[in-house]
Structures are given as structure tokens and as C-alpha cells.
Amino acid sequence: DIVMTQSPLSLPVTPGEPASISCRSSQSLVHSNGYNYLYWYLQKPGQSPQLLIYLGSNRASGVPDRFSGSGSGTDFTLSISRVEADDVGVYYCMQALQTPPVFGPGTKVDIK
Amino acid sequence: EVQLLESGGGLVQPGGSLRLSCAVSGFTFSIYAMSWVRQAPGKGLEWVSAISGSGGTTFYADSVKGRFTISRDNSKNTLYLQMNSLRAEDTAIYFCAKDRVLGGGFNRGIDYWGQGTLVTVSS
Numbered sequence: 001d002i003v004m005t006q007s008p009l010s011l012p013v014t015p016g017e018p019a020s021i022s023c024r025s026s027q028s029l030v031h032s033n034g035y036n037y038l039y040w041y042l043q044k045p046g047q048s049p050q051l052l053i054y055l056g057s058n059r060a061s062g063v064p065d066r067f068s069g070s071g072s073g074t075d076f077t078l079s080i081s082r083v084e085a086d087d088v089g090v091y092y093c094m095q096a097l098q099t100p101p102v103f104g105p106g107t108k109v110d111i112k
Numbered sequence: 001e002v003q004l005l006e007s008g009g010g011l012v013q014p015g016g017s018l019r020l021s022c023a024v025s026g027f028t029f030s031i032y033a034m035s036w037v038r039q040a041p042g043k044g045l046e047w048v049s050a051i052s053g054s055g056g057t058t059f060y061a062d063s064v065k066g067r068f069t070i071s072r073d074n075s076k077n078t079l080y081l082q083m084n085s086l087r088a089e090d091t092a093i094y095f096c097a098k099d100r101v102l103g104g105g106f107n108r109g110i111d112y113w114g115q116g117t118l119v120t121v122s123s
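Just so you know, the sequences run in chain order A and B.
Residue 103 in the working numbering is what sits at position 103 of the first sequence, and the numbering runs on without skipping anything.
Residue 44 in the working numbering is what sits at position 44 of the second sequence, and the numbering runs on without skipping anything.
Just to be clear, a hint being listed does not mean it is correct.
[Said to hold, decoys possible] Label-pair ranges, simulated between beta-carbon atoms: (1) A:84 to B:26: 42 to 50 Å; (2) B:26 to A:10: 33 to 41 Å; (3) A:16 to B:1: 30 to 38 Å; (4) A:7 to B:74: 24 to 32 Å; (5) A:62 to B:82: 30 to 38 Å.
Worth flagging that the hints you see were computed from the coordinates, not collected in a lab.
All C-beta atoms in this analysis are idealised placements derived from N, C-alpha and C, irrespective of residue type, glycine included.
Same shape as in the complex, but just chain A (with noise of 0.2 Å):
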């Protein structure tokens, strides 16, 4: 299976600062037709993940852009350009290459 890490593991935040996690698989995530298969999700406190970021790059409907995905291969981010403090919660990546689907073990952000 591919293995997934990010870091941190905590990340504590500023409003109106930007931020970022790194995601890492253990395998390259670039599928034969050229996309990442790598996706971000968000999970509230107290609430189920939502889907953030798809295919490495592509903010999922209703996302706003503040948050961006990028990197290739093995290496990726997710970068928030002014952190709200609505944005707080676990922030998981996920390999969605081949099966099974791997998630990191998540990165907490919180606000300072």
C-alpha cells in the first residue's frame, strides 16, 4: 500500500496570515493520464470531511480560493493565502492512485 505523511502534525495559525501543509507519498501519485490523483479534505470539529482540493490542483465547487493545491509526483501542499478562523480543523490528503485509498494521519490547525 502507499503511505502516506504530512507536516506538521500541528499547526497553529494566525487570521489573516497564510499557511501550509505538506503532503508525501511513498510512491509517485501521477496517473497515465497526467493528473495527480491526490485530494484534501477538511474535517470541522464535530463534523464529517468535506473535499477541498481534487486531483492535486482543482478546488472542489463551493471552496473558496483562498485555499490552493499544488506539487507532483510525491511532494504536495495546500496552502490557505489569508487563514480565517473558520479554517480550523484536521486537514487530511489522500492517494486516490490505486486502491487502497490512503490517508495521511492528518494535520490540526488551530488558531494561536
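We have chain A; now place chain B onto it with these hints.
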């Protein structure tokens, strides 16, 4: 609006069985693969099982293979997870999840999640 509503969770003894259901609405159920994903208390997300849109192909995590069975009834817009030989380590919130890509094949990318149902395995 896409809605996924799980039910069937509860307290069960080790070795026991439980059947989870997920009623869906807001999309054409039969043309999307579906998954179950679980989250142990205070832990991360673990994919458990998936089924193609037609129901003809199923996939399982090694941790549940041979004990859990995923199925669906496209006439009732409902997904199921039959869980047998339950263990303490199966204790988790179980989420029903919709595949992002239409066509029925399992593409592994999830776009919608239900609110989850809690399964507790304890004597």
C-alpha cells in the same frame, strides 16, 4: 442537494454482527461507486470498503476482508455494510461516502460524506 444518511450503528459484543445502512438522495445513485470510511475515536480516517455503481465489483481493506460485506440496492438508493465477527478495533464512526467520478467504476476519490454512525464493540 446531495445527502447521505447513515443508520444502524450501536453497541455490540465482540464476535457479534451489525448491519449499517446509508440512504442517499440528490444524485443518480446507480452511476456512482460508493465507499465506507471509518474513524476510530480521536484517530484518523481509514477506508474500509467500496462497491461499483452496478454492485458487481467490491473492494475491501485487508483489516476487514472476510468479515465485512458491502452491498447496495439501487432501487432503494441505499448502501449497506454487513459487519460480522466484530472486534474491539472495529469501534469507530462509519461514514458513507460518494465517489467523485460518475460512470460507476471505483475511482477512489470521494466528494461527499455522510454524518456517520457510531459502532462500539465492547463487552
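Evaluated hints:
Roughly 28 Å separates the CB atoms of residue 84 of chain A and residue 26 of chain B, a value that falls outside the hinted 42 to 50 Å. Distance hint for residue 26 of chain B and residue 10 of chain A: a CB-CB separation of about 36 Å, consistent with the stated range 33 to 41 Å. Distance hint for residue 16 of chain A and residue 1 of chain B: a CB-CB separation of about 32 Å, consistent with the stated range 30 to 38 Å. Take residue 7 of chain A and residue 74 of chain B: their Cβ atoms lie about 42 Å apart, and the range 24 to 32 Å is violated.
Distance hint check: the CB atoms of residue 62 of chain A and residue 82 of chain B are about 34 Å apart, consistent with the given range 30 to 38 Å.
In summary, the numbered hints that this structure violates are 1 and 4.
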